[in-house]
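J.: Chain residues, written in single-letter form:
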Amino acid sequence: MPRFVELSLNRIFRSRWGVGLVILVLVLAVVGVGRLFSDGTNTASPVINTGSPAPAISADPDDDDSVISAEPPPSPTANPGMAEPEAVAYAFAAAWVDHKNVSAKTWHDGIMPNATKNLSDELNNVDPADVPASKVLGRPSLVPVGDGLVSAVVTTDAGKLTLRLVAPDKHWLVDGIDWDSA
Amino acid sequence: MRLPWPRKVALLVALAATLALLCCGGAVSALLLGQFGDDQNDDLYSATGCGSGGVVDPEGKLPRVSRYGPTQIRNAAIIIKTGSDLRMPPRAWVIAVATAMQESRLTNLGNLGANNDHDSLGLFQQRPSAGWGTPAQVMDPVYASTKFYDKLKTIDGWEKLSLTQAAQRVQISAYPDAYAKHEALATQIVNLLAHGAARAVGDLTSMVCLSAVGQIAASGWTIPVQGAVVGSGFRTPDRPTHQGVDLIVGRYTPIHAASSGVVSVVKCDQDHRGRQTCNVDGYPGKGGCGWMVEIVHAGDVMTRYCHMVERPAVRVGQKVVAGQQIGRVGTSGNSSGPHLHFEVHLNNDRRSVGAINPVPFMQEQGAPLGGSG
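Residue numbers (the numbering used here), protein chains in the order written: chain F, 1 to 182; chain W, 1 to 373.
Hint data in this document are derived by calculation from the structure and do not stem from the laboratory.
Ideal Cβ placement from N, Cα and C applies to all residues, glycine included.
A couple of the hints might just be wrong.
[To be verified] In silico contact screen, one side only, chain W against chain F (beta carbon under 10 Å); selected entries:
#	residue
1	P70
2	T71
3	C289
4	H307
5	I356
[What the hints assert, rightly or not] Taking lysine to any residue and the SDA-like style, the derived pairs with C-alpha atoms no more than 20 Å apart in a straight line are:
#	chain 1	residue 1	chain 2	residue 2
6	W	K319	F	K135
7	W	K160	F	K100
8	W	K267	W	D203
9	W	K319	F	D127
10	F	K100	W	D119
11	F	K117	W	Q318
12	F	K170	F	K100
13	F	K117	W	K319
14	W	K319	F	D178
15	W	K160	W	D203
16	F	K135	F	K170
17	F	K117	W	R315
18	F	K170	W	Q318
19	W	K151	F	D98
20	W	K267	F	T77
21	W	K319	F	V143
22	F	K160	W	K181
[What the hints assert, rightly or not] Negatives, chain F to chain W, calculated, CB over 10 Å:
#	residue
23	A78
24	A87
25	N101
26	M112
27	P113
28	V145
29	V153
30	D157
31	D178
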């Protein structure tokens, strides 16, 4: 028997194919042990019970019942005669940063023409001194979010003004304001 | 059958490799993935529960939160403790913490000299000249928090407003949406400092988990359909491309916005053949979401609601509050029976890769997606 083992080992290790085979077996063994180990930790981790005897709602398991395509929203458009969203965003931002030596009412009157009623109400009684920027730098960059919903980023001397524009009836107005200081 | 020697070995190697891939291909990825998400704080501060454990003592040992130092977390603990002492419900604590994150990064700011446009001071940047108190008073975190809660209380229906709307009514800032981006981390901080209080019913002081129709957690999240069971799960072995969960519930059941936000998509999703026929029942293999809605929430979390029975009750650009009805359950599109296909995406990424498992996400927000089975 030892003679047979010796012969076999000799034959295996003399050939480069044999050595390859041994390495492969070793790799398989390591991966196998790793698999057992990972299975153990998986069962130990907390699992929220979603398993259900209820039937899958789609018969074909390859079938995804989500959206067919999630292509980005279309570029914003405006009705003829109405202002483009970029122009609305720019006009709003220019009025928003114009806060030095103006009364609260004058400042509010300046932003109102390009704001929704909702935003206009939210900005009632704002002290213009709270506006951190005083100058708009460059053109607004538009990011479409939905069909009739656009985010406009306006760079100012003190940070980034992000406006949310909506278009009820394709008439673009600013409905939300966020701010990140530079 | 006799093969030349090298061929035989090549065949053997190929066979072995194939077998290895079949048997253990998943093991390496399983080893590499699936071991993340350990919370360093969880042995000290319960990661479950709905706040019945009470609020943490600001003078005691406090947990760590990545972006904020110990002093800032202490200030958050004072804000929460003050709210609890004033018998304000936990939704108010989340709003107050998020507001202070925006106004002062949870730092008790003194006068910033030339950088101060005006006389704002303290955690909430309150102005002595606007009647908030003396400079010394608004620099006291307990006083400043008390003033914040006192004003919040006077706002009619503040519990139902989105976080940023409620905060704006108190603060009257020139950029009203700025508070929203702090909602997720403020929720996490309240959970850590008050034993999961952001998972409790938001407008009750009794610190109980959600149990009844129409309740909204202090995190600002609620269950989109009542009485549903979770059917097909998220990316299961059977359905690896299922990017959401199927909530099985009767036709015409109202569907509610899971959290406040802005509606970004309302449409009849076209099917595999390019048809837009959503007013009739769909079938498996038809393809598409049917009548559907997408809502973008604070922190660029997006939720998607599919297979509605009729044109949704909202329009693009509309602001919705948590719990507001947006449509009704149906079976339009790729569907074999009435259910709500519900998805949660991060970073407002509409693609499949942006989707996460809604079950643990909603559980963490205190709005678990109903019983299973």
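J.: Confirm or reject each hint.
T.: Okay, the hints, checked on the actual structure:
Contact between W:P70 and chain F, as hinted, is not supported at the beta carbon level, the nearest pair being about 24 Å apart and thus beyond 10 Å. The beta carbon of W:T71 comes no nearer than 21 Å to any beta carbon in chain F, farther than 10 Å, and the hint placing it at the interface is violated. The closest approach between the C-beta of W:C289 and any C-beta of chain F is roughly 5 Å, which is under the 10 Å cut-off, so the hint is satisfied. Because the beta carbon of W:H307 sits about 7 Å from the nearest beta carbon in chain F, less than 10 Å, this interface hint is met.
The criterion of a C-beta within 10 Å of any C-beta in chain F is not met by W:I356, whose closest approach is roughly 13 Å, and the hint is violated. Restraint check for W:K319 and F:K135: the C-alpha separation of about 30 Å exceeds 20 Å, so the hint is violated. Using a Cα cut-off of 20 Å, the hinted pair W:K160 and F:K100 is violated, with the two alpha carbons roughly 36 Å apart. With a C-alpha separation of about 34 Å, the suggested pair W:K267 and W:D203 falls outside the 20 Å cut-off, and the hint is violated.
Restraint check for W:K319 and F:D127: not satisfied, since their Cα atoms lie roughly 25 Å apart, outside the 20 Å limit. For the hint linking F:K100 to W:D119, the alpha-carbon distance of about 16 Å falls within 20 Å, and the restraint holds. Using a Cα cut-off of 20 Å, the hinted pair F:K117 and W:Q318 holds, with the two alpha carbons roughly 13 Å apart. Proximity of F:K170 to F:K100 is assessed by CA-CA distance (about 33 Å); at most 20 Å being required, the pair is judged violated.
For the suggested pair F:K117 and W:K319, the alpha carbons sit about 13 Å apart, so the restraint of at most 20 Å is met. For the hint pairing W:K319 with F:D178, the CA-to-CA distance comes to about 15 Å; that is within 20 Å, so the pair holds. For the hint pairing W:K160 with W:D203, the CA-to-CA distance comes to about 9 Å; that is within 20 Å, so the pair holds. With a C-alpha separation of about 28 Å, the suggested pairing of F:K135 with F:K170 is violated against the 20 Å cut-off.
Restraint check for F:K117 and W:R315: satisfied, since their Cα atoms lie roughly 17 Å apart, inside the 20 Å limit. With a CA separation close to 14 Å, the supplied pair F:K170 and W:Q318 stays within the 20 Å bound. Proximity of W:K151 to F:D98 is assessed by CA-CA distance (about 29 Å); at most 20 Å being required, the pair is judged violated. Proposed proximity of W:K267 and F:T77 is supported: the alpha carbons are some 18 Å apart, at most 20 Å.
Of the supplied pair hints, the one linking W:K319 and F:V143 holds, its CA atoms being roughly 18 Å apart against a limit of 20 Å. Restraint check: the Cα-Cα separation between F:K160 and W:K181 comes to about 15 Å, which is no more than 20 Å; the hinted pair holds. Against chain W, the non-interface label of F:A78 holds: every CB pair exceeds 10 Å, the least being about 14 Å. Every beta carbon of chain W lies more than 10 Å from that of F:A87, the smallest distance being close to 18 Å; the non-interface claim holds.
Chain W leaves F:N101 outside its interface by the beta-carbon criterion, the shortest separation being 13 Å against a cut-off of 10 Å. In this structure F:M112 is separated from chain W by more than 10 Å, as the shortest Cβ-Cβ distance comes to about 14 Å. No Cβ of chain W approaches the Cβ of F:P113 within 10 Å, the least distance being about 17 Å, so the stated non-interface status holds. With a closest Cβ-Cβ approach of about 5 Å to chain W, F:V145 is found to fall inside the 10 Å limit, against its non-interface label.
Every CB of chain W lies more than 10 Å from the CB of F:V153, the least distance being 13 Å, so the non-interface label holds. Non-interface status of F:D157 relative to chain W is upheld: no Cβ of that chain comes within 10 Å, the nearest being about 14 Å off. Listed as outside the interface, F:D178 is inconsistent with that label: its C-beta sits roughly 4 Å from the nearest C-beta of chain W, within the 10 Å cut-off.
Hint compliance for this structure: hints 1, 2, 5, 6, 7, 8, 9, 12, 16, 19, 28 and 31 are not met, and every other hint is.
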